[in-house]
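Heads up: the sequence lines are chains A and B, in that order.
Going by our numbering, the first sequence opens with residue 1125, and the numbers climb by one from there.
Going by our numbering, the second sequence opens with residue 3, and the numbers climb by one from there.
Treat each hint with caution, since some may be false.
Unchecked claim - Across the chosen pairs, the derived CB separations fall in these ranges:
id	chain 1	residue 1	chain 2	residue 2	range
1	A	1330	B	46	54 to 60 angstroms
2	B	176	A	1297	36 to 42 angstroms
3	B	38	A	1329	46 to 52 angstroms
4	A	1298	B	38	46 to 52 angstroms
5	A	1140	B	176	22 to 28 angstroms
6	A	1264	B	176	35 to 41 angstroms
7	B	314	A	1148	53 to 59 angstroms
8	A	1374	B	34	23 to 29 angstroms
9	A	1209	B	309	47 to 53 angstroms
10	A	1304	B	61	34 to 40 angstroms
11	B	202	A	1297	28 to 34 angstroms
12	B	283	A	1304	17 to 23 angstroms
Just so you know, these hints were derived from the structure itself, not from any lab.
Predicted model, so just to flag it, every value in this text is computed and none were measured.
Glycine included, C-beta positions come from ideal geometry on N, C-alpha and C.
This is what each chain is made of:
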Amino acid sequence: MFSLPAYLEMVRMKFLMMLAYRVNYYSGILVYAINIGAYYFLWQAIYGDNQTMQGFTVAQMTTYIAVGWMARAFYFNNLDREIANEIRDGSVAIQMIRPYSYLMSKMMQGFGEGLFRILLFSTPGMVLVSLLLPVDLPTDWRVWPVFLLMLAFSFLINSQINILVGLFAFFVENNAGMMSMKRILVDLCSGLIVPLTFFPTWASSVLEWLPFQAITYLPASVFVGRVTGSAVWEVLLLQFVWFVVLLIPIWLVWQRARRRLFVQGG
Amino acid sequence: MDAIRVHRLRKEFQVQQNREGLGGALRDLFDRRYNQVVAVDDISFAIPQGEICGYIGENGAGKSTTIKMLTGILVPTSGEITVNGHVPHKEREQFVREIGVVFGQRSQLWWDIGVIESFRLLRKVYRVPEQAFNERLNELVERLQLGDLLTRPVRKLSLGQRMRCELTAALLHNPKILFLDEPTIGLDILVKSEIRDFLLQINKRYGTTILLTTHDLQDIEALCSRVVMLDDGRIIYDGGLDELKRDWGKGKELLIQFGQPCSPERLRALTADLSVTWEAVNEFTLKAWIPLEQANLTEVLGRVMTLAEIRDLRVLEPNTDDIVKEIYQTGAGKHV
């Protein structure tokens, strides 16, 4: 059952909710500023006198860090925790009496959150960062729309992973450990902390077969100009493939969860 | 036509069983043991359209489980359910458009933003046309006096205010069937009676079928013509409220506070032929249970008054739990 106006309304409501908690928003800016600053100086120290490392120039690295964290502000959400909590306290039941898809509604709320951050957070943040740090913004205008599209897929893939992890609360009593593990795994394996080319060969060839690189590494590589020409379409296709592939386990887990949905305290 | 039909409905849960001690916990890691618990055990009933039916029973009797199956949240282990012509868990999205649900202990409103935002979302979710929605909302706002609450965040509402908003949220799309799971829990008397009046009015005006669970017998008395009583997953009574009270509300309980210390023995002796049972609460206060078939209130009180001065007197209404307990203890229900 397709009910677009309702889903759009959810995006709007999540946006409102984010506005209702402005202090969170301000502290978020601070956290991201500190992270970008810290990683900038860290990489400065690592590069030392080197002009390039693993094919990354210093300028590309700086841009990579800035855009990586700004992208994270958009794709990051707590869907896993929200879903797990709703399953644990049984309020998932309330959602089941609504004529919409639970997972779709969660996804849309995550999107509302992301939209809020990209408009009021990432965009001004990126402007600020490029004033303070030597960031090279793409000069080819065509990179921008492609990057935005890739960012959308980053959001989708990251949210899919979150949903999958959150849904495990149906099968185990407490999946908090799993969630924090996932969080570190995504930050590390997506290339946010270290670009994939810096990993040992065996590790980076493993990571190439995992969905995480599609979250940060691929879009950021396009943004800094490491991937150009027809290769851009290949990485975009790769993102799309992961988006489709991840739908399968979600669907399977959701079907099983529906079967054994038992509401605690019922 | 029946709004709700349930035939031989059954729900079993698997409950994890934890072993004792550290060694047990370690063994649990690799080899979990489960217990099969029957929450709802082969129940059948039918509720005609436009009826208000009370669904009562002790905690853990299976009320909420039944409601969850009727609303499509839980999939039954076996048996058949038809609600409003649909099988709830199979045609969920289509089915839930025509029902409204309120869980007294859980909010379905968005916690951090104005109530009106939740209502607006519901309008889109249920695809209510703008004009119909506004008319309906105005009517509900006026009836439940929600005027200045609408823009307030839900977390800043009192329980009574919130419950009125929950009811509004459940009724905005004019559902044919309304499920209420303990709608008056924790509310003060004023709000309770307001909500009861409101439900009666909705039922009369729109012919809404209402199924409600409650622990408050006054809810049932005010609203329901019919009662389904559940114990341990089984229906132990299904019928009119009047019959229930006539058959089972056989006595009255009195709480009497005397001006001077009174022993239950003396009172027992005084009312020996009336088979009144006495129980001391403290030195001055006693509890009496008077079986109305053998004794009447005036008689008992008349005799007691000759004994000592009465400071305070209260008639305790039998509550649902007591009646359920009584029915269960006599083992009468099983073959209803």
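Okay, the hints, checked on the actual structure:
no.	hint	result
1	A/1330 to B/46: 54 to 60 angstroms	holds, 58 angstroms
2	B/176 to A/1297: 36 to 42 angstroms	holds, 40 angstroms
3	B/38 to A/1329: 46 to 52 angstroms	holds, 48 angstroms
4	A/1298 to B/38: 46 to 52 angstroms	violated, 23 angstroms
5	A/1140 to B/176: 22 to 28 angstroms	holds, 26 angstroms
6	A/1264 to B/176: 35 to 41 angstroms	violated, 56 angstroms
7	B/314 to A/1148: 53 to 59 angstroms	holds, 54 angstroms
8	A/1374 to B/34: 23 to 29 angstroms	holds, 25 angstroms
9	A/1209 to B/309: 47 to 53 angstroms	violated, 60 angstroms
10	A/1304 to B/61: 34 to 40 angstroms	holds, 36 angstroms
11	B/202 to A/1297: 28 to 34 angstroms	violated, 43 angstroms
12	B/283 to A/1304: 17 to 23 angstroms	violated, 53 angstroms
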